[in-house]
Every structure is written in structure tokens, then in C-alpha cells.
Amino acid sequence: MAYLNSTLKEAIYMKPPEGSGVAPGKVYKVVKGLYGLKQSGREWNQEFDRSLRRMGFFQVECAPCIYTKGQGKDMAIVVIYVDDTLVIAPRLETVLKVKKQIGQRWKMEDSGEVSHFLGIKISRDRVMRTMTIGQSGYIDQVLAKHLDKCTKPTMVPMQSIPEGTLVASAAQQKEYPVIVGKLLWVANSTRPDLSLTVGVLARHMCEPSQEHYQAAQRVLRYLESTKEVGLVYRASESQEPLVAHSDANWVSDATIQRRSTSGSVALVYGNPVAWKSATQKCVSLSAVEAEFIAATEATREVLFLKQLLRSIGIATGTPTVYSDNTGCIQVSKDPAQHWKLKHIDTKYHFVRNNVQEGRVQIKYVDTTRNLADVLTKPIGRQAMQQARSGLHLQMPAAVYGTGSPSYATVLKNGGHTLKQQHNEQGTYTVEEGS
Numbered sequence: 000m001a002y003l004n005s006t007l008k009e010a011i012y013m014k015p016p017e018g019s020g021v022a023p024g025k026v027y028k029v030v031k032g033l034y035g036l037k038q039s040g041r042e043w044n045q046e047f048d049r050s051l052r053r054m055g056f057f058q059v060e061c062a063p064c065i066y067t068k069g070q071g072k073d074m075a076i077v078v079i080y081v082d083d084t085l086v087i088a089p090r091l092e093t094v095l096k097v098k099k100q101i102g103q104r105w106k107m108e109d110s111g112e113v114s115h116f117l118g119i120k121i122s123r124d125r126v127m128r129t130m131t132i133g134q135s136g137y138i139d140q141v142l143a144k145h146l147d148k149c150t151k152p153t154m155v156p157m158q159s160i161p162e163g164t165l166v167a168s169a170a171q172q173k174e175y176p177v178i179v180g181k182l183l184w185v186a187n188s189t190r191p192d193l194s195l196t197v198g199v200l201a202r203h204m205c206e207p208s209q210e211h212y213q214a215a216q217r218v219l220r221y222l223e224s225t226k227e228v229g230l231v232y233r234a235s236e237s238q239e240p241l242v243a244h245s246d247a248n249w250v251s252d253a254t255i256q257r258r259s260t261s262g263s264v265a266l267v268y269g270n271p272v273a274w275k276s277a278t279q280k281c282v283s284l285s286a287v288e289a290e291f292i293a294a295t296e297a298t299r300e301v302l303f304l305k306q307l308l309r310s311i312g313i314a315t316g317t318p319t320v321y322s323d324n325t326g327c328i329q330v331s332k333d334p335a336q337h338w339k340l341k342h343i344d345t346k347y348h349f350v351r352n353n354v355q356e357g358r359v360q361i362k363y364v365d366t367t368r369n370l371a372d373v374l375t376k377p378i379g380r381q382a383m384q385q386a387r388s389g390l391h392l393q394m395p396a397a398v399y400g401t402g403s404p405s406y407a408t409v410l411k412n413g414g415h416t417l418k419q420q421h422n423e424q425g426t427y428t429v430e431e432g433s
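Heads up: the sequence shown is residues 0 to 433, going by numbering that gives the first Met the number 0.
Think of the hints as simulated: they come from the structure by calculation, not from any bench. Misleading hints may appear alongside valid ones.
[What the hints assert, rightly or not] The list that follows gives simulated cross-link-like pairs (lysine-lysine, DSS-like), each with its CA atoms no further than 27 Å apart:
id	residue 1	residue 2
1	Lys-376	Lys-181
2	Lys-173	Lys-151
3	Lys-37	Lys-8
4	Lys-280	Lys-332
5	Lys-106	Lys-120
6	Lys-120	Lys-99
7	Lys-341	Lys-362
8	Lys-120	Lys-96
9	Lys-346	Lys-332
10	Lys-106	Lys-68
[Said to hold, decoys possible] Label pairs and their computed distance ranges (CB to CB):
id	residue 1	residue 2	range
11	Pro-395	Lys-25	55 to 65 Å
12	Arg-90	Val-30	36 to 46 Å
13	Ala-201	Ser-168	16 to 26 Å
14	Gly-111	Lys-332	49 to 59 Å
15	Ala-234	Leu-284	43 to 53 Å
16	Ser-159	Phe-116	29 to 39 Å
17	Pro-176	Arg-90	38 to 48 Å
18	Ala-169	Lys-144	10 to 20 Å
19	Cys-281	Ser-110	40 to 50 Å
These numbers were taken from a predicted model, which means no experiment stands behind them. The beta-carbon is built from N, C-alpha and C at its ideal position, and this holds for glycine as well.
Could you put together the complete structure from these sequences and hints?
This is the structure we're talking about:
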């Protein structure tokens, strides 16, 4: 009931319900932020902001929902999302102190050490130094409500992009945007392997076809097979604290007037923290142009993350954007190549400007090791399995049977090779080399 702690600035009156005992012609004056009023959320946010500032916290400019106080081991971080709050600090006593200060100001529910936040399950293994986030509980709810019965599981969310020639039934058209909206929450929160597929489905929210509805059902079947998959964050001393992988699929989708699809994945110390799959706004005349536009979006993301990490005391040096297109890298570094892309919108030259100014560097990565590839086009089962591994999407050990064969995956990032030896129980070892 956090909204009730805020005081409204505007004069708002409410008609009393029948049987309330209020004299005819009288109304209530609303003085506190009630749930349902459009200004209540903002009034609560401003009230919380003022209180945190009085406690000595500073708002992070590039991420207004994050507040920091102190430095080093004495730092405290407060993250707010509407009326949910997360307190983070290197020391437990710092967390307890901040929670006590907040509790002295408002009545709150203390959930203790975080295990769930915004419907996301958070698991920590202090021995292996890993943290895993997943949404199996939420996925179970979605499947129970929307998955058609008697459907076969699948390990690939989309085989090909649906063209949409058959008219969907009224019931399917009504249910489709509900399904896609829920899938978007999963894809954006913990499942980058779904970003492209759900993005394709989201283009047709108003008039979905029968093929689009069946494609949404296929994603649900894929989630049924992989609902226990979690995004694993591992302790790392990577030589490159902040990188992004960028890719584009040039004019391959006839359903969007041959516009290309951009994909990017940003990693902090080798762990995916941000990902995006999006249709480009204009038709690219070449693969180089499509990759150049995609690299621009990746550059924007790493520069934002650099600011965010600096605000919480983490220095990253110069971020790196990886592309598998040598032409894109060449035009990003060499002003003499400007004539080849002089026709495109000025904003897309952002990547070249930042490369020349030394704020970001761009390097080559082989297509087979480009983590953004899965965000640009549908891929097969084996490629999807490799993509999930590269994106740190992993099944918990309890899901696997015993005695399964092992397999090896090699990821090379800018001359730094990680050899990950897996078995199907989810265990692994890591060897570093050049």
C-alpha cells in the first residue's frame, strides 16, 4: 500500500458509494494517492525520492530508479520499481542499516535475503560463486492459462518467420496479444533466446493471423521444454569488463518490407546484462549498412552501461563492440569510407564518431562466436543449444538425469579463449588460455 504514503497536490473529489452514510450532495476529498489514480505512482515516487535524498542517497542520472550512497565496501545501492525496493551492499550491516532507516519512515514488508524480485527467482551459490535468475514459476502460470492441450514439446522457439495468410478466429485474436505481452516480459527479463521470436510476434498484435497464433503456441511449447532454464551470472576476472556483440540479418524478412533486423548483447565481465532484437527503421542497401546500423545500437548500450557501472564504483575502461562484418568495422574506423554510407541518417554515424574519439573500440568476432546471431534470425536446434550456452542460459542440475554424456563449448572473445566442459548435470570447469 505504498501509494497511500504520498500526498496529492491536486484537488480530487470522489463520490461516496451507496450505504456509506454520507449526506446527499456531499463528496470525499482525496488527499492521499489511491491505487487507480493516474498521478498516484508519480507522487509516491517523488515522496520516496525526497526521503532517500534526506538519508544521503544520490540518484543515478542515467538510471533514475537507482540510488547510491557511500563508496567501496561502505556503498549502499537502492533499486526501486514502483513500490518494490531492493537494497544492495557489500556488507550485511549496511543493508540492515538502510532497511532500518526506511522502516522508521514507512511501514514495510521485509522479505529478508532476496529470493524473488518482480516475479523473477534469484538463486545464489556462494561456493561456485554464481547467481541464477529465472522465471519458472511465472512460466508455469502462463502455460496453465494459454498452452493448448495435446501439443508436442519443441527445443526451437521458431523455425521460420510466419507470413500470415489465414485469418485467426475471434478467440485467437483476443488471446494472442495477452500471450505475446506475457512472453515479452519473459524475453526481456531472463530469456534472451526468445527476443527475436517474441519481437516478430509483437509486430502483429492488432491483426494476428492463424499462423501467428500457432507461432505463439510454439513458443509456449518451447518454454514448456525449457522453463527451468536460468540465466547464470558467474564471478569473472575478464580482461574486457564491458563488451557488446552486434549483428544484423540483412533484408531477409519479406513481412517487414525487407527491412533488416538488428541484434545486440551487452556483457559485463562476460555475463549478459542487456540484449535487444529490433527491426531497423529503414531499408538498408547493403549488408555493411545493416551491420553499421546494428553496431550503432550496440554502441549506445555499452556507453550507457559504462555510465551506470561508473556510478556504482566500477571502472570498465574503453568498451568494445564486436561485429562479424569486416566492412562495418572498416567504415567505423576509416573516415575515408564515408562516401559509401553518406546517404544514411546522421544518427547512425554515432558509432564512427565514438570510435574516432576513443570512447569505444570495434573489433571482429567470427560469426560462429557472435552471441547476437540468435537475435537476428531463426536458427536450428543445435545452433540454439549453442546460443543458450553462450548466453549463460543453463538448466539447473536437478533437471538432468545422471550419466549423460559430456560436451565441450569453446568461446573466444577478442583473443581470450574460454573452454567450458559441461556435463548434462550442469557442472562445468573453465580453463583460460590464448
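Taking 10 to 20 Å as the hint, is the beta-carbon distance of Ala-169 and Lys-144 inside that range?
Since Ala-169 and Lys-144 have Cβ atoms about 18 Å apart, the given range 10 to 20 Å holds.
Q. Given the proposed pairing of Lys-106 with Lys-68, does the C-alpha separation stay at or below 27 Å?
A. Cα-Cα ~22 Å, so holds.
- Task: Using the Cβ atoms, figure out if Ser-159 sits within 29 to 39 Å of Phe-116.
- Result: holds (36 Å)
Given hint Lys-332 paired with Lys-280 - CA-CA distance at most 27 Å: holds (24 Å)
Taking 38 to 48 Å as the hint, is the beta-carbon distance of Pro-176 and Arg-90 inside that range?
-> Holds, at about 45 Å.
key: 27 Å Cα cutoff - pair Lys-37, Lys-8   = Holds, because 13 Å separates the two Cα atoms, which is no more than 27 Å.
Mind checking the hinted window 49 to 59 Å against the Cβ distance between Gly-111 and Lys-332? holds (51 Å)
Check whether the Cα positions of Lys-341 and Lys-362 lie no farther apart than 27 Å. holds (22 Å)
Inset, instruction - Mind checking the alpha carbons of Lys-173 and Lys-151 for me, to see if they're no more than 27 Å apart? - result: Between Lys-173 and Lys-151 the Cα gap is close to 24 Å, so the pair holds against 27 Å.
task: Starting from Lys-106, check that the Cα of Lys-120 is at most 27 Å away, please.
output: holds (25 Å)
Q: Could you see if the CB distance from Pro-395 to Lys-25 stays within 55 to 65 Å?
A: Given range 55 to 65 Å: holds, Cβ gap about 59 Å.
Is the gap between the beta carbons of Ala-201 and Ser-168 within 16 to 26 Å? Given about 20 Å between the Cβ atoms, the range holds.
Checked against the numbered hints given earlier, this structure breaks none of them.
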